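If you want the building blocks of each chain, they are given just below.
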Amino acid sequence: MSTAIRKPFNWRRWRLVVTGGAIVGTILLLAILAPWVAPYSPFDLNVAQMLKGPSATHLLGTDELGRDVLSRVIHAARLSMMVAVLASLVGLVFGTLIGTLAAYFGGIVDLILMRLMEILFSFPAILLAIVLMASLGTSIFNAMIAIGIIFIPGFARLARATAESVLRQQYVEQARAIGMSHTRILVREILPNILAPLLVEAAVAFSYAVLLESALSFLGLGAQPPDPSWGNMLNTGRGFMGVAPWLSIVPGAAIFLTVFGFNMLGDGLRDAFDPQLRDE
Amino acid sequence: MREYRPHAQGAARPALAIRELTVDFQRRSGLLRTVDKVSLDVWPKEIVGVIGESGSGKTMTALSAMRLLPHGAKIGGAIALGGRDLVNIGESEMRALRGDRIALIPQDAMQSLNPTMRVGRQVGEPYEFHRKQSYGAIWSKVVELLRAVKIADPETRVRDYPHQFSGGMQQRAMIAMGLALDPELIIADEPTTALDVTVQARILKLLRDIRDERGSAILFITHELGIVAELCDWVYVMKDGKVVEDGPVKRIFEAPKADYTRMLLEATPSIHRRKGAKR
Amino acid sequence: MRGLILSRLAAFALTLIVASSILFVAVNVVPGSAARSALGIDATPQALARFEAQHGLDRPLVVQYAEWLGKTFTGDFGKSFQNGVDVGPELLRRLPVTLELAIFAFIIANLIALPLGAFAAMRHQRAADKGISLLASLLGAVPNFWLATLLVMVLTLHFRLLPPGGYTPFTVNPVMNLKQMIMPALSLGIVSSALLIRIMRTAMIEVLSSDYIRTARAKGAKEGVVVMRHAIRNAMTPYVNVAAVEFGFLFGSVVVIEDIFLLPGIGSFVLVGIINRDYPVLLASALTITLVVLIINLIVDIVVGRLDPRRVTRHQ
Ligand SMILES: Nc1ncnc2c1ncn2[C@@H]1O[C@H](COP(=O)(O)OP(=O)(O)OP(=O)(O)O)[C@@H](O)[C@H]1O
Ligand SMILES: [Mg+2]
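Chains as they are written, first to last, in the working numbering: chain A, 1 to 280; chain B, 1001 to 1279; chain C, 2001 to 2316.
The set of hints was computed from the structure by calculation and includes no laboratory data.
Please read all numbers here as calculations on a predicted model, not as lab measurements.
Think of the CB as a built atom: it goes at the ideal place given N, C-alpha and C, for glycine as much as any other residue.
A hint or two may mislead.
Below are the DSSO-like pairs computed for lysine-lysine, each with C-alpha atoms no more than 27 Å apart in a straight line [unchecked claim]:
hint, chain 1, residue 1, chain 2, residue 2
1, B, LYS1045, B, LYS1250
2, B, LYS1074, C, LYS2222
3, B, LYS1045, B, LYS1242
4, B, LYS1132, C, LYS2222
5, B, LYS1141, C, LYS2222
Some chain C residues near chain A, calculated using beta-carbon distances under 8 Å [unchecked claim]:
hint, residue
6, VAL2018
7, ILE2022
8, GLY2140
9, VAL2142
10, PRO2143
11, THR2149
12, VAL2152
13, GLY2252
14, VAL2256
15, VAL2270
16, LEU2282
Based on the sequences and whatever the hints tell you, model everything.
The following block contains the structure:
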């Protein structure tokens, strides 16, 4: 017989996670299933159907080349999600590496690494991304790298702070005392214990990645037409603001909803795991 | 049988009367009752001690009388200041009483002073809020007050920020603030905790002088028996939000009725010695 | 106090040097790309080599960096690859545009955030607080270039109230200048206010639950006095710190907004540099933005020290 007491599900505590998760889940699902759920191809031109408003055949209307806006928005989700996932991953991996190394070795290593992170952090993010894009060249892959680099200092700071508190624990001392190797201690003892807050941070980074990617694409530095991305759709849409406002409204709303969903999820996870807030 | 209470003689009504006071907090696990049907009186010119272990509800009782309970607290029962109901009056009426006729000297002086405001300005605020006076007049009153609580060189010290004061000085500044308008009731919540013995003795003497010279009634909260023995006329013993016993200080020390009081006394043997030395 | 300022200045200088080298490396990380983009894809290898030799691009990166840094310090930002024009004077012409935009936007952000954040804290956990918190979450998710687009659609195309873009110096025509600045500033400011509302709210909740606020109330202070005199100033220390970082973000975001509203500021200069692969232009304008951000952080560091009397006296 199980002795565990089953607590009733606490809606108040998890409502942000559930709502944010539902939004994010839907968007992720649409992104993954894009080729199957999108009613049309995102590339098919149809000169007869140029700049048509929302209708039964084209739920969100068509663009200046007669392409179905709904299908393009769904396919753009795919690209945005991919960039966001990979960029967050770049930031997470390198940031965690730098942060834990700084915490673990301390001293001069810590000083130099963290000072560098702080300086990187003091750059306005979008500017750094733009400059990196200039030298890497405009492509969606490079946008992903540039955004990932921006995230490194944030993750490094967090990783360092959490790793420091883990390092003070008894079992790490013991692991050191019995002569476990540096790598083994870092991977086996420290990493599992700092992962949770880093993953919460990743949700927030994710939403920021969506914003940055769409800004870069909006400026013409990210995804290149005809590949649909919310940023470049919005940019083209601006040219037809007066006659076809949906071309500007729809992709922006998609960005907004995605960012909102991820922020909610991130906030919710942070609150749910914060012991100080638990008994409220 | 009622015990003889000298300050109740000849006085029309208590300075502070609390009846069946309850303070509840809504917790996820249910209602948390921190003060449970507490009744107590403070008569004019009387120094009444409230003693009890940490968490027994002393501060919550004091804050109820000020109507300054933390957010989310629910209050029940009756409180009267000089016969005037405090529970059901409006916020602006209550505000008019706070600092003027009922004053609080809070538990933690350092936390209770605004770090970004000069001490003098803070001490002068009761005048500012309740009396229409020029800044110059307030300033000289503040200097006098600080002198009264034995802060050396008050003319220059008024310009200090709280962090430039020592712990004992901060505590005395809080006392000065409470005294400002000669309130009929002063509630002092452990004003001497964390102070060394000599400073503590000086502050206790100060409070006694205030009662003697200005005629304020004082509700003195502490968990140190020695202070009660030295300072108070009457004492209430609290445990788990309830008053377990009350009576004249001398009798409580010599013949405690409640088991809990006896336990308290036994746990602090030095009290008897102190009390004995005084006699 | 002097010690504090000196140590901050030293950190500032170090940051600036490292930041400039990061920028320099970022721009030059792909060798040879400058020449190729300046001369076009079908330039001959000889032409490329000539271009590189002419602009000193064939030397080691360290040497190029040292030379660039030295010249920059003396105010020589080099000449544009594209048209040979001096970059320095052009920067000076553009800087006021961006500063006006950023400051205007920042004022809007604070005008929204300070009262809303403080009010939410005063109504903690009640309907108004929840409403304001939700508003902050919503605003925080709005891309500023989308907001800019929507503003143009409504205010320019529909109501025909404001011009869609362009720039008139304030000294030439103040009314026109403000008309042209209001939408760009709103786009940046409203989005920035999201974070600031949250920060102000959190800081005020913390302060309002502190003991000294209870003391003020115990003295009979009216709610207005409690908030304005006792709470706000103490909430400002954490607020100003975050606001400075936010100003940095805001200053970086001018690139997108200047592009949308055709404002000839530093931000659009960055884009010019990128699109033309005009590295002197790109480096100079990016460095200027970084420099401004760093200077703001420096000033705030010192001012925040002054806001809190505990810090001031410690350094006396
Ligand atoms: N804001 C609050 N929310 C919920 N419960 C509270 C709050 N403040 C105090 N309590 C609870 O009220 C009870 C009584 O607290 P109170 O501060 O009155 O004790 P006390 O007798 O003054 O103790 P001490 O000697 O430590 O000052 C405690 O159990 C405490 O946990
Ligand atoms: Mg207490």
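Verification of the supplied hints:
1. LYS1045(B) - LYS1250(B): The hint holds at about 18 Å.
2. LYS1074(B) - LYS2222(C): Holds, at roughly 22 Å.
3. LYS1045(B) - LYS1242(B): This hinted pair holds, its Cα atoms lying about 25 Å apart.
4. LYS1132(B) - LYS2222(C): OK: LYS1132(B) and LYS2222(C) at ~15 Å, within 27 Å.
5. LYS1141(B) - LYS2222(C): Holds: LYS1141(B) and LYS2222(C) sit about 22 Å apart, inside 27 Å.
6. VAL2018: holds, 5 Å
7. ILE2022: holds, 7 Å
8. GLY2140: Given a least distance of 6 Å, the restraint on GLY2140(C) holds.
9. VAL2142: Holds, because the Cβ-Cβ distance from VAL2142(C) to chain A comes to roughly 6 Å (cut-off 8 Å).
10. PRO2143: holds, 5 Å
11. THR2149: Holds. Min distance 5 Å.
12. VAL2152: OK, holds: VAL2152(C) within 8 Å of chain A, min 7 Å.
13. GLY2252: holds, 2 Å
14. VAL2256: holds, 6 Å
15. VAL2270: holds, 6 Å
16. LEU2282: Since chain A brings a Cβ to about 6 Å from LEU2282(C), closer than 8 Å, the hint holds.
Comparing the model with each numbered hint stated earlier shows that all of them hold.
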